[in-house]
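**Q** This is what each chain is made of:
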Amino acid sequence: MKLSIAKSEFQRGLTRIQSIVEKRNTMPILANVLLSTSGEGKKATLELAATDLEVGIRGIYEAEVHETGAITASAKKLYEIVRELPEETIHIDVTENSYLMIRCARAEFNLAGNSAEEYPDLPSFSPEKTVRVQAIVLGQMIERSIYAASVDETRYNLNGVYLEVMKESGKLRMVATDGHRLGYVDRALGLEVAGLSSGVIIPRKGLAELKKLVDEDDADEIEIGFDESSGLARKGDVTLVMRLIEGEFPNYSQVIPKEAEHRFVLPTEILAQALRRVGLFSAERSGAVRLDLTENKLKLSSNNPDLGEAREEIDVDYAGDEISIAFNVRYLMDCLAVMSAKEVQLSFQDALSPAQIVPADDPDTLAVVMPMRV
Amino acid sequence: MDAFYASIEQRDRPALRGRPVMVGGDGHRGVVAAASYEARRFGVHSAMPSVEARRLCPDGIFVRGDMKRYARESRAIFEVFRRFTPKVQGLSLDEAFLDVSGTERLFGPAAELGHRLRAEVRETTQLAVSVGIAPVKMVAKIASDVAKPDGLIEVLDDRVREFLDPLPVSRLWGVGPVAQARLAAAGFETVGDVARSDDGLIEAALGEWGLGVAHLARGEDVSDVEPYREPVSYSEENTFSQDVSDRRTLESTVIAHAESVARRLRNDELRARTVVLKLKLARRRAPGPRGYPLLTRRTTLDTPTDDGDVISRAGFALLDRAALSEPIRLLGVGVTGILRAPHSAQQLSMFDRPGGVERRSKLNRALDELRDRFGSSAILRGNLEPERAGLSLQIKRGEREE
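Which chain is which? The protein sequence lines are U and D, in order.
Take the first sequence: its letter number 278 is residue 278 in the working numbering, and every next letter is one higher.
In the working numbering, each number is its position in the second sequence, counted from 1, plus 1000.
Next comes chain U alone, as it looks inside the complex:
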């Protein structure tokens, strides 16, 4: 294999795969990136691919190929080398014993690689049908649900975001929960999602990769497709394929409160800042903050056996009965952070029932947080 590629083009490709490669795996080859050429001459391409066996990404980049071939080498080391090289053309020449000779300007590296045959197959998936969705909408949906997904590996069916088409509205919903809180968002993406007859659970890692793709500057539309076990996302020359989580997502609709006796509306920023301050004294990781609602007043308080107490009062339009409720302060702050709304409404039935938080201007975004018993 022998080729020349612009530094910026190569670096862009290597950046994309960095978070996919496994750093601490018992299969060392998974720390590698797979390079393979397609075509020959000035208008040829170099493909960069990586996988952790659950998520795979491949991107195609312009290159001048002098001699076709394939090779695999440490993704991190290659990225570190390329990042430090000057903005010039990089020349790569693979030697017979699987070394990559990398030359750029007057710098030269001989990087040990492995034969491409040693690299495992990437998850493959060619959906029957795909649809194009607006990247910005998809990004927002991911952001407003993924924060609530569980990181507890014993509850693998909660380690992702559930994607389903809502029968009544025809909208697409992303919802995630860790059993303590839940976040969902509905958006009309114009089209039903190809291949999605029932809901699927998209793993956190795959979705985080998709979010990165969506956040890239030139992202305008993303092509997505699913079947029961795999998902695909494509942006231009980059394709992301992931295995979906097999398992049943809990019947979450039962925990979404139907009624709420107590409710108030506050500017998001005022509530968030007060929570950040009072949260400084919340004990350990359990992080309880107590909310006392009285006429036109919300009192936030926390206490910590080692530190002391913190209190803050906020004026609020509230005329209901006096009530107290407590939450993990982090759960409240997490959902406020992604709602990007001027005002939010918080409502609940009683101190031991789930509370609901919605942006005042967007009834299609919702967070549910279970209270703490204090």
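Everything labelled a hint here was simulated from the structure, so no lab data went into it.
As the structure is a prediction and not an experimental result, all values here were calculated from the model.
Treat the hints with care, since some could be wrong.
[To be verified] Part of the chain D face toward chain U, derived, beta carbon under 8 angstroms:
#: 1; residue: ILE1061
#: 2; residue: THR1299
#: 3; residue: PHE1351
Backbone N, C-alpha and C define an ideal beta-carbon position, used for all residues, glycine too.
With chain U fixed as given, assemble chain D onto it according to the hints.
**A** Leaving out everything else, chain D in the frame of chain U:
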């Protein structure tokens, strides 16, 4: 305590008295946990591979240790210690610091208290204990080592330097083989060499950390006797007598460790949030005992737990994540992220069956009572217990992270 485990065995089995006794596994992977003074004459010491001990002392008697008995003995000894002061800082089952300042009116001068403590420990347990008395902790510890076997040494305030100066630098806390070699290269052999030196030279040899060593060398240990430190992690591990790659054996080992760790959590009324799986691969990549690649995988639970079943399931998930492709030599399960239970505030859940968690903890309480009464193997999960070469339980104490 002097040769603690071995002394207990000799006390309880008269046939062992006066003979070289080694406590520990005698298999090809066993390690000596304690050696009687008779065995030490042959050069046997604790932490030595049993194979080597056997070579040095072919007539020595190997005794498989009984940690539970030793722990019981330890509790009795610590109770004696607490008759003299509440400020008792345990270092291990058989070592403790006692801060006896302010007890003079009750027990007289420290040396008198020391003699009395030795007598009371002997009376209670028929075991020998050595005592070191000094103004600072490190010097007291060294003095007790020098006093062994069955002795007492007091190092008075104005004699500290005199006592420390001739000792090799390796007696200082924190000075291991590497630091010792660096100090030797810089011309420091004895504690006195370090104590008399300029701080700059020590810093040059050991880095900034060397300043602490210089303080210790001058007998300026400012650390207090810390009566109790909160546990920060619990773990249990075993080396298999034969390398294991069978998933079911690995899983039943995970269960055995998880259940035991969970029981210790419940016993101390604690819960843990993070589960750690430790695996040592059987294929050695470098010479020496550290040559086996060690994998650790950890996962954080949504809800802190003291339930062995939850810890086991986390262990299985970590086993999946490790994606093993070769046999295992050692497996350990540990927990960190320790919280006192029950919390002041309890997070409510959305999907748990009503009463599910409470029922589980009732079951665990019932099982604990059975085991307390009839022994830890009175009731087991329906899994085979794998054969283990050596088992070790650990608790790390210290400041908990927030």
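**Q** Hints first: check each against the structure and report whether it holds.
**A** Evaluated hints:
1. About 42 angstroms separates the beta-carbon of ILE1061(D) from the nearest beta-carbon of chain U, more than 8 angstroms, and the hint is not met.
2. Hint status for THR1299(D) relative to chain U: holds, with the closest Cβ pair at about 5 angstroms, below 8 angstroms.
3. For PHE1351(D), the suggested interface contact is upheld, since its CB lies about 5 angstroms from the closest CB of chain U, less than 8 angstroms.
Checked against the numbered hints listed earlier, the structure breaks hint 1 alone; every other hint is satisfied.
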